[in-house]
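Q: Protein sequences, first through last, are from chains H and F. Counting in our numbering, the first sequence tops out at residue 587, every number present. Counting in our numbering, the second sequence tops out at residue 598, every number present.
Derived from the structure by calculation, the hints contain no laboratory data. If you're wondering where the values come from, they're calculated on a predicted model, not measured in any experiment. All C-beta atoms, glycine included, are put in the ideal place defined by N, C-alpha and C. Treat each hint with caution, since some may be false.
[What the hints assert, rightly or not] These stretches of chain H come out as covered by chain F in the derived footprint (C-beta under 8 Å, 3 or more residues):
1. 272 to 281
2. 292 to 306
3. 403 to 415
[Unchecked claim] From the structure, some residues in chain F lie toward chain H, with a derived Cβ separation under 8 Å:
4. P522
5. A529
6. V544
7. E568
8. K569
9. Q570
10. K571
11. K574
12. M577
13. Q587
14. E588
15. L591
16. L594
17. V596
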Amino acid sequence: MQTALYIHFPFCLKKCLYCDFNSLAGSPVKAEAYVDGLLQEMALRAGVLSEPASAPTLYFGGGTPSLMDPKLVGRIIDTAARLYHLASDAEITLEANPGTLSKEKLAEFRSAGVNRLSLGVQAFDDRQLEMLGRVHNASQALAAYGLARDAGFTNISIDLIHSLPGETVDMWGTELRKALALQPEHISAYALTLEEGTPLAEQAATGVVELPAETDAVRQFELTTELLQAAGYEQYEISNFARPGFRSQHNQVYWRRGCYLGFGAGAHSFLREAPHGVRWKNADLPERYLATLAHRTLPEEEMHTLSRREAISEWLFLGLRMLEGVELAEFEDEFGGAVTDLFANELATLTGQGLLLMEGGRLRLSPAALIVSNQVFLRFL
Amino acid sequence: MASENIQIQKIRNFSIIAHIDHGKSTLADRLLEFTGALSDRDKQDQFLDKMDLERERGITIKAQTVRLNYHAADGRDYILNLIDTPGHVDFTYEVSRSLAACEGALLVVDASQGVEAQTLANVYLAMDINLEVFPVLNKIDLPAADPERVRQEIEEIIGIDAHEAVMASAKEGIGTREILEEIVRKIPPPIGDPAKPLKALLFDSWYDQYQGVIILVRIIDGVVKKGDKIQLMSNRKSYEVLKAGVFSPVMVEATSLSAGEVGFLIAGIKDVGDAKVGDTVTLLHNPCAAALTGFKEVKPMVFSGLYPIDTNQYEQLRDALAKLKLNDSSFSYDPETSVALGFGFRCGFLGLLHMEIIQERLEREFNLELITTAPTVVYRVHKISGEVVTIESANMLPPLGEIDYLEEPFILASIHVPNDYVGGVLALCEEKRGVQREIKYLTQTRVMIIYEMPLNEIVLDFYDRLKSITKGYASLDYEHLDYRRSELIRLNILINNEIVDALSLIIHRDKAYYRGRDLVAKMKELIPRQMFEVAIQAAIGSKVIARETVKAMRKDVLAKCYGGDISRKRKLLEKQKEGKKRMKNVGNVELPQEAFLAILKVEG
């Protein structure tokens, strides 16, 4: 069974002001103890799999996994190789906060087996970085990038956020040009989403900060595509751009409904067990996650066996995020019956509105539909 | 058990008048418990409000009644009949009949909130028929309770002596015995003669699927028992009594019901529409000389279209309406077709609350999703040919060339209001095309304003506006007056250049321009952005008088997929989809329910 692997390291130096993800600053749980638990979870899980796994990718996400001791990273990679047959040429990504990197550490990550870095740059403007509550500044980001190259990383992705409070289209253009000047292999660019309950959302609600007008946000989204494509990057997913050969293998597993096993507090997993797959997540709180493992029990929660209907909608709303879209024949193999019968009215409406394109046995979003893609996905729920 | 043995002197018939939330139902529970009518075992909070909807909204829709046996401080046993009343202007007539079955009423006022408008209308009804009204200050256990202020308020606003008001907390069970004692002491026993021919007031009726129609009666004179042939005097229909009895609080059969008593009769009545509230029940072969005064047929005054959002639910909607009609003869429904909304029904209601209640019951009890069109009244169209037709919607208007003139219904509105608010109320009535009839100072601080008003202004936002202008202190009562010739025109709403028939209105010519302009502005707020621009226009005939545009949706995209958390993405999409549920596709534009009722949100 092919299954991607995800490792969640929930700890941060400081929680960013826009973040509502499972991440913690100042947790009493020590990294060593946490990783011990994590390795135990990997072993327990391997023991209950119905068939041996082989893993094409491994992804360290967080939180801030670059805070980890490279030795611990190495132990996890070795365990993955042993228990999950992590391929020797597997894509092994580590999310890294520029404020946490040093020349030595980068070299150690590399020798531990990490071959792809996802740098959480977010912005090249110090005021913006401060507003987001990031721990690093722009010069640290540039320095970290240089160090990573020096350390021999040949596959680096940069995360950027646009449509930030006070950000104009011109400012975003400058940000993009700064990113391009570094010539990373991959760029993820997202519009800022205000998540309920975060300090930044509160500030926006009370008028302390002001988001750009919709026309400006739309323009920033469009500008991203224009500039990055002109520079030779392919937009292979709504918010992801890569130079040829450097798409994120790991993230594509998500969009294609491939299997993945998530380890660590709050990590998500999906296995394509009959009939339509099963999803679950782990306990969010590290203490509880570890306590469950201490009883040699998997800390899984919210186990959900997908209905055919849910699986179909996922297949569409995930697959269509990829610009290449979905293959209609694959749908028939997977679900029996044709997507064109099941959603005849929806497809007629959406192709009529120019949001969906059907050609060469594939269904995909039109360029104009990317920024309003939810309006398309909603039809398939 | 024989009711002949009951001395009429020991009967007390009373109602509880209270504002929503002021604790009427809880107090009723306490009275039931205290007198042993409700044991802990079968206790269910708020016994009197049977329907879920009633309990949830804290209002009583159908009256209930219950007999309590009370051993008073004077050592004697009394029979107390608690007659519950519905509590809203739409049901004023039903309230008045329930009150007519009583000799007294408790006025329950929240000791922190004070007197509220809705209470007033019912208090005045009670005082009009000379009931003994005594106040109870409830919720005195709350920190915010201010009994002195509220006592004063009762005296000033209502004009009754509140000096001896009972202090109570129904929630804590404080004051229950005192209230029962006051009922015995203050409320007079009924006056009636068991020897006279039967004369009974029918004050409530409902349909029970096992026993047919159950009627509640107050026996004024005479006696009725199982086997008697009774007659309903308004329609001359006669029935044999199959069961007679009381609720205490469960149904208990009695050998007979005698003058002064309150109870139920089951008499093989099939249609609840035959057992009309306010009717007089007598014996077929020994009738009373004259019916009770005050009977009137209640007719729907407000009409609106109900359409299933999912057209496949049409049959279900029809069946649901038929079921509701079984229990509520005051509403009506007839099939109606709309170009925009498809097949539905034009339904008639007593008023706006009645309309809301029926809609909510349809959605909740029958799992229907409905689109409701704005309420309208019944117009008369005088054709050039001399023919007169009545219409209940703008779409029923004949072609312009056939119309000579239109008439609209007028009502006589009586508004009770503290004198501070007189100016605001007068301005509102004038704005609503009212014709002033009288302004009466009932006391130094209490004013009754009487206006002749077009009903079509009332069914829109009059009541809400009145309440907000007077901070809730005004009470409104109205009666039907007559039809009057009026300069009425049809206002059409166009969505992307197509007339949406379900949005057409009949309005007064003088108001067409402003209403049209405000209406499209309001609709612009209510119609969510679509994938294309949506133009909203108001037009009279072919002349467009207002236009607004809903801009196309520009951006709706989900960002990052954190660590493969697909469930989160799904939830976000599902939440968004939920918001679309109450939308109706009109052409290719999705219109929310609120858009069809936008006219209710327009001032002017």
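Q: Quick one, is the K571/F hint okay against chain H at 8 Å, beta carbons?
A: 5 Å, holds
Q: Have a go at the P522/F hint: is there a Cβ in chain H nearer than 8 Å to its own Cβ?
A: Result: violated, 11 Å to nearest chain H Cβ.
Q: Once the shortest beta carbon distance from M577/F to chain H is found, is it less than 8 Å?
A: 11 Å, violated
Q: For the region 292 to 306 of chain H, do three or more residues have a beta carbon lying closer than 8 Å to a beta carbon of chain F?
A: violated (count 0)
Q: Has the region 272 to 281 of chain H got at least three residues whose CB is nearer than 8 Å to a CB belonging to chain F?
A: Three-residue rule not met by the region 272 to 281 of chain H, so violated; n is 0.
Q: Holds or violated: K574/F as interface residue toward chain H, Cβ cutoff 8 Å?
A: 7 Å, holds
Q: Regarding the hint that V596/F lies at the interface with chain H, is the smallest CB-CB distance below 8 Å?
A: 27 Å, violated
Q: For the region 403 to 415 of chain H, count the residues whose Cβ lies under 8 Å from any Cβ of chain F; is that count three or more?
A: violated (count 0)
Q: So, K569/F near chain H? Judge it on the closest CB pair being under 8 Å.
A: 10 Å, violated
Q: Any CB of chain H closer than 8 Å to the CB of V544/F?
A: 14 Å, violated
Q: Taking 8 Å as the limit, does the beta-carbon of Q587/F come near enough to a beta-carbon in chain H?
A: 18 Å, violated
Q: So, as I understand it, the hint says E588/F touches chain H; can you test that by seeing if any CB pair is closer than 8 Å?
A: Violated, because the Cβ-Cβ distance from E588/F to chain H comes to roughly 20 Å (cut-off 8 Å).
Going through the hint list in order, the structure does not satisfy hints 1, 2, 3, 4, 5, 6, 8, 12, 13, 14, 15, 16 and 17.
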